[in-house]
Amino acid sequence: MRSADKWRFALNALLHNRLRTGLCLLGISIGVTAVVLLTGLGEGARRYVGAQFQSLGTNLVFIFPGHADTEGAMPGLGGAPNDLSLQDARALQREVRQLKTVVPISLGSETVANRERSKQVYVLGTTPQFIEARGLRLSSGVNLPELDWERGQPVIVLGGELARELFPGGEVAVGNTVRVGDRRVRVIGVMEDRGTQVGLDTGLMGLIPVASAMSMYNESGLFRILVEIGAQTDTDRTVARMREVLMERHGEEDFTCKTQESVAGSLSTIMRVLTLALAGIASVSLAVAGIGIMNVMLVSVSERRSEVGLLRALGAGHAQVRGIFLAEAALISAAGGVIGLAIAIVASLVLRSFYPAFDATPPWWSVLAALGVSTGVGLLFGVMPANKASRLDPVVALRS
Amino acid sequence: MGNLFSLALGAILGHRQRSLLSMLGIAIGIAAVVLLTSMGEGTRRFISAEFSQFGTHIIAINPGKAETFGIPGMMGGTTQKLTIDDALALRRVQGVERIVPLVFGQGRVEGGGRARSIMIFGVTSDMPDLWKFDLGVGLFIPEGDWKRESQVCVLGARVSRELFVDGNPLGNFVRVADRRLRVIGVMAARGNIFGQDIDDVAYVPTATAMQLFNREELGEIDIEYSESVITARVVADIKAILTERHGGREDYTLNTQQEMLSVMGSVMDVVTMAVGAIGGISLLVGAVGILTMMWISVGERTGEIGLMKALGATSSKILKVFMAEAIVLGLLGGVAGVLLGLSCVVVIRAIVPDLPLGTPPEFVVAAFLISVVTGVLAGILPARRAANLDPIEALRADG
Chain A
0 MRSADKWRFA LNALLHNRLR TGLCLLGISI GVTAVVLLTG LGEGARRYVG AQFQSLGTNL
60 VFIFPGHADT EGAMPGLGGA PNDLSLQDAR ALQREVRQLK TVVPISLGSE TVANRERSKQ
120 VYVLGTTPQF IEARGLRLSS GVNLPELDWE RGQPVIVLGG ELARELFPGG EVAVGNTVRV
180 GDRRVRVIGV MEDRGTQVGL DTGLMGLIPV ASAMSMYNES GLFRILVEIG AQTDTDRTVA
240 RMREVLMERH GEEDFTCKTQ ESVAGSLSTI MRVLTLALAG IASVSLAVAG IGIMNVMLVS
300 VSERRSEVGL LRALGAGHAQ VRGIFLAEAA LISAAGGVIG LAIAIVASLV LRSFYPAFDA
360 TPPWWSVLAA LGVSTGVGLL FGVMPANKAS RLDPVVALRS
Chain B
0 MGNLFSLALG AILGHRQRSL LSMLGIAIGI AAVVLLTSMG EGTRRFISAE FSQFGTHIIA
60 INPGKAETFG IPGMMGGTTQ KLTIDDALAL RRVQGVERIV PLVFGQGRVE GGGRARSIMI
120 FGVTSDMPDL WKFDLGVGLF IPEGDWKRES QVCVLGARVS RELFVDGNPL GNFVRVADRR
180 LRVIGVMAAR GNIFGQDIDD VAYVPTATAM QLFNREELGE IDIEYSESVI TARVVADIKA
240 ILTERHGGRE DYTLNTQQEM LSVMGSVMDV VTMAVGAIGG ISLLVGAVGI LTMMWISVGE
300 RTGEIGLMKA LGATSSKILK VFMAEAIVLG LLGGVAGVLL GLSCVVVIRA IVPDLPLGTP
360 PEFVVAAFLI SVVTGVLAGI LPARRAANLD PIEALRADG
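If you read the protein sequences in the order shown, they are chains A and B. Position one of the first sequence corresponds to residue 0 (numbering that gives the first Met the number 0), numbered consecutively onward. Position one of the second sequence corresponds to residue 0 (numbering that gives the first Met the number 0), numbered consecutively onward.
Just so you know, these hints were derived from the structure itself, not from any lab. Mixed in with the good hints there might be a few duds.
Taking lysine-lysine pairs in the BS3-like style, the calculated list, with each CA pair at most 25 Å apart, reads [as the list claims (entries may be wrong)]:
1) Lys118(A) to Lys64(B)
2) Lys319(B) to Lys118(A)
3) Lys118(A) to Lys238(B)
4) Lys64(B) to Lys80(B)
None of the values given here were measured: they were computed from a predicted structure.
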């Protein structure tokens with residue numbers, strides 16, 4: 000029997016029992032859809048988080064006050080006896096030449112009000128470079144003024160959503176005065192909405208000069224220093240150099256440097272593990288589908304005893320009979336895999352048309368794995384029925 | 000009725016292999032659901048135990064009003080400050096038993112010729128009672144005026160071990176920033192809470208911490224109230240006092256332990272449901288398997304059905320026979336699945352004792368119900384096919 004004949008034979012057997020073939024296909028395609036769709040969602044979430052970090056700008060280093068030897072402790076929570084000061088930021092700018100920009104940040108949560116409309120938001124004290132370093136843009140007005148860092152000015156740049164909430168109905172925000180806490184400041188600019196960037200809603204925040212914020216919050220230290228490193232420089236060496244400069248000034252390592260890559264990298268690893276765990280749980284259904292296929296094949300082997308007997312009587316060997324039934328199992332599971340894959344891809348496209356920002360396209364490795372695993376499941380669970388068929392005694396089989 | 004099920008059981012036993020495989024499909028699905036929901040439930044219990052070890056009648060107040068996300072005051076500053084005077088004012092709320100004004104931050108503690116960067120908590124004398132922490136040796140921060148500094152500190156078990164490797168830390172001095180603090184006590188070891196090593200911290204009086212971190216405001220006020228008063232009442236009283244003190248503005252955020260617990264609980268419930276549902280996909284596939292096999296077996300038993308009908312069995316009787324078969328298949332699969340899932344739980348518990356697992360009895364009951372429902376759903380189509388067979392055609396087909 001030629002190979003093509005074997006496949007045609009298997010195909011005919013499947014087409015003959017359309018309903019049970021259909022149900023087997025359904026089982027395996029449900030499993031494949033689940034696995035592919037879940038990996039797509041997981042990978043999509045991972046890429047989304049990655050893109051969020053990218054949108055912060057590249058090559059960023061965050062410096063927090065405080066340093067913990069304890070694993071898992073979060074730096075930047077609460078206070079620290081030695082502040083990171085404006086002078087520290089200034090020293091970094093002066094002494095580490097590879098730095099593109101150094102942005103001091105003082106953070107506080109504050110009520111911003113326009114007459115009776117008010118909103119509690121994060122108000123950041125920073126410099127004009129913040130907007131560029133975080134990849135933000137202004138939609139109207141101007142950026143914070145280039146001031147001496149130690150000098151304040153009663154001005155604010157509002158996030159887009161905050162501006163709309165305080166000045167509804169198309170009222171122009173720029174040029175008006177709002178209250179921040181107890182102080183009155185003039186709105187000089189409004190930012191474009193860029194959504195939530197790693198936990199900070201850029202639409203709902205305000206930017207004021209760093210000295211104004213520090214005097215308002217009565218803080219002598221910065222919340223953190225944001226550093227942008229030139230694209231061509233070695234991040235590790237530059238971070239080491241920054242550490243040296245700060246160590247020299249503080250006499251001890253009472254601060255923490257985190258590169259954007261290290262934060263993004265560990266998040267990405269966590270997300271990938273979660274994705275694989277979910278896909279693993281879903282792939283249990285592939286095993287169940289395989290059992291279903293085995294069951295149906297076992298039935299069909301006993302139904303087709305006389306047919307098998309005839310084949311054997313006509314000179315087909317054990318291996319050929321086994322091949323036919325394995326081909327049948329492989330066909331059904333591969334077809335189920337393709338159908339499942341198609342459903343998953345369509346579903347991810349539909350999802351994408353609703354949420355364009357979230358790309359849930361299944362990664363290539365999950366597509367290959369799904370097809371491979373589904374076909375493998377078919378072959379694995381096809382072995383037992385195929386062996387059963389090949390072991391039939393032609394005389395007994397024909398007689399029945 | 001008994002007759003019906005013995006008939007179904009007979010049909011199932013008649014095709015042992017295929018029945019076994021059909022049940023196996025359901026069993027795997029049920030086992031997956033049982034195991035996954037056990038993990039979810041275990042995690043939920045773990046979290047609520049972590050929370051409630053502090054006691055359930057606790058209120059935490061943070062500066063700043065949360066409107067969007069997170070706890071204000073944890074990150075960065077605010078002009079809306081909570082002060083020691085605020086904390087003192089709350090003493091007159093009825094039912095309040097303990098108040099701890101809190102300041103926290105990171106700092107380097109030097110002592111015994113070594114140094115360690117850790118979390119430093121500024122607290123008052125009631126902290127161990129309020130947080131249910133035990134003192135190991137020595138004394139805790141003594142009662143006294145909350146606004147008065149005193150140069151003492153109490154170390155967590157791990158810090159004490161790391162700094163004073165082979166010696167008694169009591170009576171020795173540690174240096175934090177520019178201050179020398181006398182070690183008056185060491186806390187009993189407690190281990191991790193939410194991944195944070197609670198033994199790797201040091202406690203100093205609140206006023207001292209405020210000086211250390213150069214702050215005039217508190218990071219948090221923790222309040223424990225009597226179990227005999229109503230939570231809502233205490234919350235309302237606290238809000239009235241604080242809002243009045245803050246010029247009519249509610250510029251602080253108040254969280255009760257009970258609220259936190261229920262929020263955590265409902266988040267975990269959603270996660271458990273989602274993971275359970277993903278495991279349930281296997282159950283769906285198992286149902287498709289039962290459907291297929293039942294369909295095949297109706298086809299095979301066309302002659303038998305024809306005979307039963309010719310002998311006077313009504314369509315509804317035939318329907319019941321096949322439905323019973325599907326239900327028994329589902330139920331047996333369910334039993335096997337629950338056993339499989341529970342033994343996985345036992346095995347995992349033996350291998351990884353730290354992994355929290357919990358299987359409430361109602362989950363087991365639910366799993367049985369789901370398996371029966373699966374059987375019913377999978378049986379409907381084949382059973383109707385059998386019931387609608389024409390006896391004459393059916394008998395002839397078998398001829």
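Evaluated hints:
no.: 1; hint: Lys118(A) to Lys64(B); in the structure: holds (10 Å)
no.: 2; hint: Lys319(B) to Lys118(A); in the structure: violated (65 Å)
no.: 3; hint: Lys118(A) to Lys238(B); in the structure: holds (20 Å)
no.: 4; hint: Lys64(B) to Lys80(B); in the structure: holds (11 Å)
In the structure shown, a violation is registered for the earlier hint numbered 2 alone.
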